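If you read the sequences in order, they're chains A, B, C and D. Sequential numbering of the first sequence, starting at 1, is according to this note's numbering. Sequential numbering of the second sequence, starting at 1, is according to this note's numbering. Sequential numbering of the third sequence, starting at 1, is according to this note's numbering. Sequential numbering of the fourth sequence, starting at 1, is according to this note's numbering.
These are calculated hints, taken from the structure and not from any lab test. If you're wondering where the values come from, they're calculated on a predicted model, not measured in any experiment. Every residue, glycine too, gets a C-beta built ideally from N, C-alpha and C. Any given hint could be a false lead.
In silico lysine-lysine, DSSO-like type, Cα no more than 30 Å apart, as pairs [said to hold, decoys possible]:
1. D:K181 / D:K274
2. B:K31 / D:K181
3. B:K274 / D:K238
4. D:K238 / D:K168
5. C:K22 / C:K37
6. C:K274 / B:K274
7. A:K274 / C:K274
8. C:K274 / A:K31
9. C:K274 / D:K274
10. D:K31 / A:K274
11. A:K274 / D:K310
12. D:K238 / A:K274
13. B:K274 / D:K181
14. A:K274 / B:K31
15. D:K110 / D:K62
16. C:K238 / B:K274
17. D:K310 / D:K62
18. C:K181 / A:K274
19. D:K274 / D:K31
20. C:K310 / B:K274
21. D:K40 / D:K110
These stretches of chain A come out as covered by chain C in the derived footprint (C-beta under 8 Å, 3 or more residues) [as the list claims (entries may be wrong)]:
22. 48-54
23. 87-97
24. 309-317
Incomplete in silico selection of chain A near chain B, CB under 8 Å [stated by the list, open to error]:
25. F275
26. Q276
27. V277
28. H280
One-letter residues, chain by chain:
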Amino acid sequence: MDFNYDDNQRMLFDMVDRFLTDKHDLAKRAKLLTDPAAEAALWREMAELGLMGAAFPEEVGGFSTSPADPYVVMERFGRHLVTQPFLYTAVIGGRLLIEGLSGADREEEIGMVIAGERQLALAAGSAHMLRSAEDTAFAAVPDGNGWKISGRMPAVLNGDRADKLIVAARTAGASGELAGVTLFLVAADAAGISRRNFRMIDAQGAAEVVLDGVAVGAESVLGSVDGGAVLVETALDHGIAATCGEAIGSMEYLIEATAEYTRTREQYGAPLAKFQVLQHRMADMYIQTQTAKSMALVAALSLDGDPAERMRMVSAAKAQVGRSAKYVGYQAVQLHGGMGVSEELDIGHHYIRLNFINQLFGDGAFHLRRFGALAQAA
Amino acid sequence: MDFNYDDNQRMLFDMVDRFLTDKHDLAKRAKLLTDPAAEAALWREMAELGLMGAAFPEEVGGFSTSPADPYVVMERFGRHLVTQPFLYTAVIGGRLLIEGLSGADREEEIGMVIAGERQLALAAGSAHMLRSAEDTAFAAVPDGNGWKISGRMPAVLNGDRADKLIVAARTAGASGELAGVTLFLVAADAAGISRRNFRMIDAQGAAEVVLDGVAVGAESVLGSVDGGAVLVETALDHGIAATCGEAIGSMEYLIEATAEYTRTREQYGAPLAKFQVLQHRMADMYIQTQTAKSMALVAALSLDGDPAERMRMVSAAKAQVGRSAKYVGYQAVQLHGGMGVSEELDIGHHYIRLNFINQLFGDGAFHLRRFGALAQAA
Amino acid sequence: MDLSIDDKVQALREEMRDFFAKNLPPEFARKTLIGEKLTKDEHKQWHAILREKGWHVPLWPKEHGGPGWGPMERLIWEEESGMAGAPRLNHVSQDLLGPVLIEFGTPEQKAELLPRILSSEDWWCQGFSEPQAGSDLANLQMRAVRDGDDYIVTGTKLWTSYAHVSNKIFCLVRTSTDGPKQAGISFLLIDMEQPGVTVSPIYSLGGMLSVNEVQITDVRVPVTNLVGREGGAWDITKFLLGNERLMGAWIGVNMSLARQVRERLGRVGADGRKRSENSVLAQRVAEVETDLLALRYTTYRVLADELSGKAPGPEVSVIKVRGGEIMQALSELLMELAEIEGMVHPLSMPHDGVPVVPDELEHMAQQFFDKRKLTIYGGSSEIQRNIIARRLLNV
Amino acid sequence: MDLSIDDKVQALREEMRDFFAKNLPPEFARKTLIGEKLTKDEHKQWHAILREKGWHVPLWPKEHGGPGWGPMERLIWEEESGMAGAPRLNHVSQDLLGPVLIEFGTPEQKAELLPRILSSEDWWCQGFSEPQAGSDLANLQMRAVRDGDDYIVTGTKLWTSYAHVSNKIFCLVRTSTDGPKQAGISFLLIDMEQPGVTVSPIYSLGGMLSVNEVQITDVRVPVTNLVGREGGAWDITKFLLGNERLMGAWIGVNMSLARQVRERLGRVGADGRKRSENSVLAQRVAEVETDLLALRYTTYRVLADELSGKAPGPEVSVIKVRGGEIMQALSELLMELAEIEGMVHPLSMPHDGVPVVPDELEHMAQQFFDKRKLTIYGGSSEIQRNIIARRLLNV
């Protein structure tokens, strides 16, 4: 048993950290949010660095040797408060391409992602936070050799930047059933698709996506017809594990920043760090982060194992990390006082993102239910 | 709006407090637990003092002028850690006599209670903590002009001392239904009843009660046939409000005792009270107690109003008080360190009783569900 | 003990409900309830409506143009206006400065300034916090140096609410560095519409502009703008804070949020089931509702004690701590109940026809994050717990 | 990164499971799992069974009769013995004093005392806490005054586990009042079977006898009973506590409790429905289970770091805090799941035929209340948080 990054991961970690230290800070991040060209340029730079390859094993053109590699990238993203959609494009989108395509198609599509020339977004589900595909808002009906897809989702994450959408559409059965959902890889500018872009509260991009009888060919199906929901389940588990890494990176940063702030900020004639109540608050932030981190690492390392075990560990991690993230974020803001609730400092932005992560991919209640059902069945 | 005890209640308060200060402390309490004769004597003394009358309005022979009067008594019981069954005999049992009987029967039965010559116990429900009567473990079948009752409850609270049992038995309908439960007032030594006595973890008495075809006459029915569960609902709400008072008395004592202990006990060269973490813990104990107290008083004052409002307020109070009681008890023990977990100090006994109260009459989850259902219906 | 409310007070409550139903423009209520800010013009419109009724300065005595309400009437007003979604009017001028001027102002100050508040001509903001003096006011740095009939004021105020829409500010300033630190602090009225006063916005989480930094550099302020005596700010500040002691419960606003939460819980969620059937969620909602009930009755209890002449205890800190926590919990529930639609950034939403998400959801997340400040400002929850502990322990 | 467990370790785990299945008397396991105490005789029986296998002193090196396990093997032992319900044997003698003697004892002490532990002839208890020295050992009062070849010892030890079944005690005693307070403390072995030693039981919540007060009055103890040098207790104490650093997680016992909780959740409750359909309850159970998983892997992580040579951080305090809290939560769930039957007082139950409540429920409440001590003793949760904060803040 070993919880230290291996040599590959250490190199990946260093590479990402150096790049971000160099190219990213709160001011630059704010600029990116209003400058799509700069965002695109940064994305290309990250791709040139080879970052996307961390989400793909060698046999499909990447350099990943462990399913936990995206965790390493996202952990640094979390620390540096990066909003770039590695998660949606490379981790979740990438996993769907790996599992849903084969042969030359797969090579080409994945090649585009690795080269930084493709952004992906998963349009699955309805009003929930990208939790599963069983209740997708899209439906597809056969149309000649292909399909016609219709439906609307109010917020597709990374839908604003996506070149291709992975649309989960019901092709059989009833809403809520795992079977009967099919995944389609569709050009985002295909006829019949309309999008309106905006940002989520965590500053990451999204779009309302409306499909109005969009015609797609049979070759656009990812995986098997009616078998898409399980693929989404797998891909989201990969996404969750990576996002847990992001949260851990963010939380570890908040603990350091809060410790530093309380050491220097004086009140009533003493540094805040001298107040026992604040000391214990930080001790609790540490307890929450360390235990959540153990679970997050285990989830990342369970991704390529037995599916039931994977789901159990991923759900345990998501519930833990979400709870810890809320606590750590809340206390980091509280201990920073007024500065914590100002947009001028990064602390509050971390807090927002951590709360977003708690909701994303299903909240704690959802994952404890999934965990409990698996435990009761075992 | 006025939350201060009125003159009657102030007198009652002083009377109970003086009596208990005089006649009751931890050592005496321990002795009572092994000496049934002493327990019986104390009970008679309390009755002679007129205490039981606080649970009965004047028209039935008592001196209560407000439904909150038993709250006042139990608040003092809570402070002094009294285990005497005023709750089961006078408050719950008494309420069932008030509502379930009339005329001379009522006068006689209540007279016995007020005189201290009768102990009552409610045998309703099954394995839960005296939450309701809908799933009672007893069933009665018609037998001539009367009934035959059978069933077993593993723990009837105050069943060990009861002279008469109020048995809730199903006479129609199915388990879980409000209608179809009938209450019977049965002599505890009637033929066919067997009891085995023991104590609950909070030191209060209980008995396993088994009824094996116990024959009772029609006159033993309290209230109407098949209409007993609603009576139990009312009586338990009275019991809950009084018990909330008990918990508040206990919690207020724990805060005082803990403040006193931390002012005198030194560690690392300073009184414990100087440690900010412990200060805030006590502040939280106070916050919990004060907010719970407001709700508890409102519950007690809502007892004779609209039933839906009564249930809503009683459930809100029970959930709040239970949660606060657990917190305050836990912290009182924690701040007393080793002494807190020893039977030598009263702190731990308060902690046990407060935990027992949290479970008694349905826990927080049960009452939040009841509260929520009423709120959603409104 | 008695839960009933005085008939006269109850009648006033009905009158308020009736008044709001008939006179509060629905658009104002809608904006207030979902957390969208009203324009200054809209505020003035509402002020005029209230003035007609005589309810525009609810804390003021009759002789100065107020309704002359007692504490119970004010609490009812807090509840009913919060429930109705009435915008909170120019709060700093009316609820904070007004009573201070009435109690401590010179006849000239009263004659000049009170009418300008009543007419909504002056909008005041409050300059208390500073970069190095948050909870700890004794560390105040803004200097006011006497020069003839003027003070020359220099310093920076931080977290100043409404400064961007105000034309005047009252500041705690240091007029002396001798003696105990508190004794050198004075309460000074300053015109913001003059050179040397700079207001810089500070955006709070979620992009809301609600506070500012106010820099004051070598600004001359006539000595006649002093409220009370030089060095006498401490008592005035205590009076001012005391005036809103029970307002930390945010009772009315919390009740209105709770009503929205309960209403949304009854709707169908993303999984196609009524949300109230989700018992984990239903329990969370019931828990906050009972917390709010307990807070509400604690407020009544403190008020009743106060009216019966009991000295106020640390319950006021209890109310402040719980009021903020409950509002945070309610706004979190509202955000969560709206699922993904509750997580959008309102400033980024396209408004080109049919809204992407229903109007009332657009501000959910922003509201939640903005409310994070409730347990920090006005004496953080830590400070409140210090106060409670000091009373319990006599340390 | 790698989650897999070494083949050899995995094989040992299987061997342990197999051994417990075949050799642990079911009655001993039953008692241990429900929290009933075994008699001293039963303990000795189990000791003999383990001795045959060579697993009776799991922390000891081979040369002294132990299995020579490394930290990973010990953790596996902790898990498997806890899961199986194996009684924890004379823990103070075997896990605490034994390793101390092996590391610090004189050849004579080792030769005399180790065999007596191996044979279960000596039962030791640990005399650290005192009435005025709980968490703060520097305040220690028990005096040991040198008189020829003896010390004369006087003082009181409090919260001494197992004192009522032990024949020997090792104590921290003050041998000097000069210099820094810690420097005057020595580690002394004392025979309890002599005049001047009095043991008084202290009953913990729920009536369990697990700790005692030990009074020692003018007892002569030979200087040869000193472990290490005079005034050298500090290092020995650190070593002793370090030996059970990861045991604060109570991993095995917690896993066994969690299994019982999950099993009971699957049963039908008082309302006639399967308890697992109560989603509020099911969520609480899942939450503790995930907490326990996280704790378990944190323990593995700390151990793996330790094995790879990293200096231990404050994670050990994390483990201690969480281990206690989780056991409290699990035992509370067990008690609650048993409804009214879980709330009886075991010492009062009639045993005259069919039990009133099922055997395995009788001790539920007592166990829950007894576990209240977990966050108090051995360095309270407050002390652990101080330690963590000190490391985080370098204060």
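Name the hints, by number, that the structure is in violation of.
1, 2, 6, 7, 8, 10, 14, 22, 23 and 24
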